[in-house]
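2 protein chains.
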Amino acid sequence: MPASVQAGTGQLPITQSFSVAVTGSQDALLDGEVQRFEEQLSRQTGIPFRAKAGATPTLQIHAEKGREAVQKLGEDESYELTVADSGAKLTAPTTLGVLRGLQTFLQLVQITPSGFAAPAVTIKDQPRFPWRGLLIDVSRHFIPIEVLKRNLDGMAAVKMNVLHWHLSDDQGFRVESKRFSKLTGMGSDGLFYTQAEIRDLIAYAHDRGIRVMPEFDIPGHSRSWVIGYPELASGPGPYTLEDGDPKNNQDLQAYFNQRLEKIVAKNHKTMVGWDEILHPNLPKTIVVHSWRGQASLAAAAKQGYRGLLSFGYYLDLMWPAARHDAVDPMADAAATLTPEEKGLILGGEACQWAEWVTPENIDSHIWPRNAVIAERLWSPQEVKDVPSMYARMNAVSLELEWLGLTHRSARMHMLHRMAGPADITALRVLADVVEPVKDYDRWSDAKGPIDFHAPLNRIIDAVYPESDTARQFSDLVQTFVKSDYKDQAAKTQLRTWLATWRDNDARLHPLLSQTYLLQEDVPLSQDLSALGAAGLQALDYLDRGQTAPDVWKTQQLALIEQARKPMADVLLMVVAPVQQLVEASAAQHT
Amino acid sequence: MPASVQAGTGQLPITQSFSVAVTGSQDALLDGEVQRFEEQLSRQTGIPFRAKAGATPTLQIHAEKGREAVQKLGEDESYELTVADSGAKLTAPTTLGVLRGLQTFLQLVQITPSGFAAPAVTIKDQPRFPWRGLLIDVSRHFIPIEVLKRNLDGMAAVKMNVLHWHLSDDQGFRVESKRFSKLTGMGSDGLFYTQAEIRDLIAYAHDRGIRVMPEFDIPGHSRSWVIGYPELASGPGPYTLEDGDPKNNQDLQAYFNQRLEKIVAKNHKTMVGWDEILHPNLPKTIVVHSWRGQASLAAAAKQGYRGLLSFGYYLDLMWPAARHDAVDPMADAAATLTPEEKGLILGGEACQWAEWVTPENIDSHIWPRNAVIAERLWSPQEVKDVPSMYARMNAVSLELEWLGLTHRSARMHMLHRMAGPADITALRVLADVVEPVKDYDRWSDAKGPIDFHAPLNRIIDAVYPESDTARQFSDLVQTFVKSDYKDQAAKTQLRTWLATWRDNDARLHPLLSQTYLLQEDVPLSQDLSALGAAGLQALDYLDRGQTAPDVWKTQQLALIEQARKPMADVLLMVVAPVQQLVEASAAQHT
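Just so you know, the sequences run in chain order A and B.
With positions in the first sequence counted from 1, the corresponding number in this note's numbering is that position plus 1.
With positions in the second sequence counted from 1, the corresponding number in this note's numbering is that position plus 1.
The following block holds chain A by itself, in its conformation from the complex:
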């Protein structure tokens, strides 16, 4: 959602004669961006563009000046975009602003009764925060360069500008070192990036207006460093991958950070550290990255330190988009800061920690929810309406598929793997209404340490972090309840869903019992069918205007309690709205 939008009249048709002209500042980076823009627009519409030479350009671009050779924090990203029925104009103080405006143009283009078109509109836009990042952990599971590249494409589409590359942790050191070859030789499973690949990725990101911030996690989370070089560690060694942290003394850490900061500063770089680095002995040039909450951001700002928020933006915790959307860097403790102190809060970063992702399913863990965090960091704080947020998120999600992201398509492949040659229609019905367990519930001390080389090919690994179907069903129940059970269209749709679920286990059970990856889902499917039946019976009582008997209600609530428990590490997300129907049917005459 741009900072300012003024709707116009009419629309600009996108046809084969679409073309772009650039005036003002121009460079190879902008040329590349315009070419990618045209390719993406062509993919979105399925239209190969063939403008006639000399024709008036459809979109005129003008930038005052070029970008910094190395992207800087706080560089001007603003732009103005005017679309009229006869043409569009994009202007910006810098070519970086042009990049952002082109992504907005792509989002405006829609299919209409008369063709693809962008609605007439005047947009004046700039980001709320200068630092809008995504952290990708490549240590716990290695993520290949091509997967990172398509995620950079996605980040550019949602105007994020920092890739925080979590390159080392206990489970693997992922950067080639020519001088300390045992860092990867012993401190990884053999999977790492060469220096050439890293240079290539940085250039790829820069083309898209994204800075790459490498993270070498120290002094904790550094087991992988000392496997090859145990003399650097304080303990007796030897060390292996995947053990606990080697150090954890706060004073030692502060001393360590002071020494480290001097090295970093000498190389003209800025030191960023998690909350724990905050210590009065460190200079004000450091940036505090908060995984603990707005309180530590506020504490840092009050002492004059700049800060970033990641608390509330951990994508690996499997929260719904709306919950991330509700987290604001300026909320809670930060809301009480003075304007000067607020100015020290630079923005935030979504975090994709990699305990439970592989190159196969990482896209679906990041997208489309990351688009919502990106909007929170770009758009005005007042943009808060949840239904319209979901509408925008779904539109962006479809757009992202044209960039090669597999956040929707990977699930189909994974369900087919589990099902063998069988039809997956009934399996998809089940997968559509479950979500992975939340927060850290997949992992418990009782299960022992995580095996980072175990297969991630179960239903929990395939399903989306947030179920669209469950959300829509729940919304529909609210609509139905608010109508005092009179909304016939809502009731019909509820019945269709409930009947599909009720009948699904009969179709699905034979498959579940035949393949070992699905056997754990047998009770899950049975519970879904039971919920479908309970919901239908509740609607029957409501239809007849009868109060459901207590004995029935008690039975259904017992069943609902059973269905509420995680099974196979996933949750049935339609439990609460079905419970609502059951309780309504038992309460109507009281």
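Treat the hints with care, as some may be off.
It does not matter which identical chain is meant; a pair holds if it fits inside one copy or across any two.
What the hints assert, rightly or not - In silico lysine to any residue, SDA-like type, Cα no more than 25 Å apart, as pairs:
| id | residue 1 | residue 2 |
| --- | --- | --- |
| 1 | Lys554 | Asp446 |
| 2 | Lys492 | Pro422 |
| 3 | Lys179 | Tyr486 |
| 4 | Lys73 | Pro128 |
Calculated directly from the structure, the hints in this document are not laboratory data.
Here the structure is a predicted model, which means the values were calculated and not measured.
With chain A's structure known, arrange chain B on it following the hints.
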């Protein structure tokens, strides 16, 4: 289907400890192939392999000798594969045979109640024909290198060994020439392969046991050559892309071919030409490629010429797989040849002509049907059972997705493009039962010349060439009819499908009317609903044991005739089985 299969007892589990050992002949090509094999097996199962050092290998590979540096026609591709519950062994006279055997192993691995496993089996296998090719036309629509590469992966999976690269035609010359730069400069739309890209593709194909045969189509179909060099043509010029053939005199062609063959032979290459090159003045070393049928193959063989069949294997004609499967190079006129003459028939090639494909949908036009042609050319002539062919084709189709082919997934993207942000469930119901018009029906003289730069983003471009749903529905109607209308399970399933179709237009119509790419499908959706209703009424009459009245039957047949006509260039494929139900319901007491 291998030449010889002997089932054993038990199965070989595929677990994280899976490993491969190679003895005998070994080279970099084989090492690369084994690595790709392990990666593909890992993708199929979702299991990252981690064999312990020194453990007994799961699969032992032994080849007597290496491959030819440049792959030859008739090189030994045979192999033997034995799978037992304790391990598997693959042996072959050449490492090329090992490549083929590894693909068979991948096809054996299935999900079972106890895990992924390959069944115990002894296979002795070799190809029926030494030449098993796929022609891809890259002139009419340019197909980028990465799309060709994933299709080479698919070809290797189904053991094809020739990529026939149709590099030039009237619509574009696609090879960089440093000496005659106007060949691409004026004879293409700017899209062509550099010489480095061509070398890279040839190496990529060779790694996978595939020869690349370039085709420069002359003397006809060579408009693109003479645009830049009109002095080479007999007419007055100037020429433009996309006009008709510049020459067509048979005697002139024979004279031309004689001169050309001498040049080709001097470069130690073999000349292959379409049927028209057959002429007694040409030497017996040429190969006749028949697009006209087995009769010209037989005529060529009788004169001592080698031949290839492509008649019946044109994938762009949108035939069902079973129709391609029924075409055999040794059938019809070829069946009457002597054994020596039969030995001159080298095999055949599937052809993907590119009037109506783009990089986006070419995979779905080639796959999975090409797997059936590949099997026809590899497996014994007696392999003819249609239902088991479809079962194998569907299994291979799923396997191909792990190679990155988009033959299933592209449709989803294209339907979303047409639907905008709307839900596509109802649109998919319609897309599931339609196929593109067949043969050359998409194109008529009345429509004028094809615009090779027009968007290909309609429903015809998105749907699969063969509808699985329609085939399954038709099979079910046959089962129901054969049971004398008593098979209750079949009837229930028929009712479910018919009701879904009957009710679909109500859900789909609002979307169809709102987006310009779907407006043409409004009557199609209405017809599908009418067919669903007609089928359900027919089942009602059959249920009640009533003869359907004549007036009803007449109405329904009129509606069926209407629905049989192509609309929006697609065909509703459930017309015939619904008609069968209607006629059965009206005939039951006569």
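Here is what the structure says about each hint:
1. Lys554 / Asp446: neither (37 Å within a copy, 70 Å between copies)
2. Lys492 / Pro422: This pair counts as between: shortest inter-copy Cα distance 24 Å, intra-copy 36 Å.
3. Lys179 / Tyr486: neither (70 Å within a copy, 76 Å between copies)
4. Lys73 / Pro128: within (15 Å within a copy, 62 Å between copies)
Taken one by one, the earlier hints fail for this structure at numbers 1, 3, listed in ascending order.
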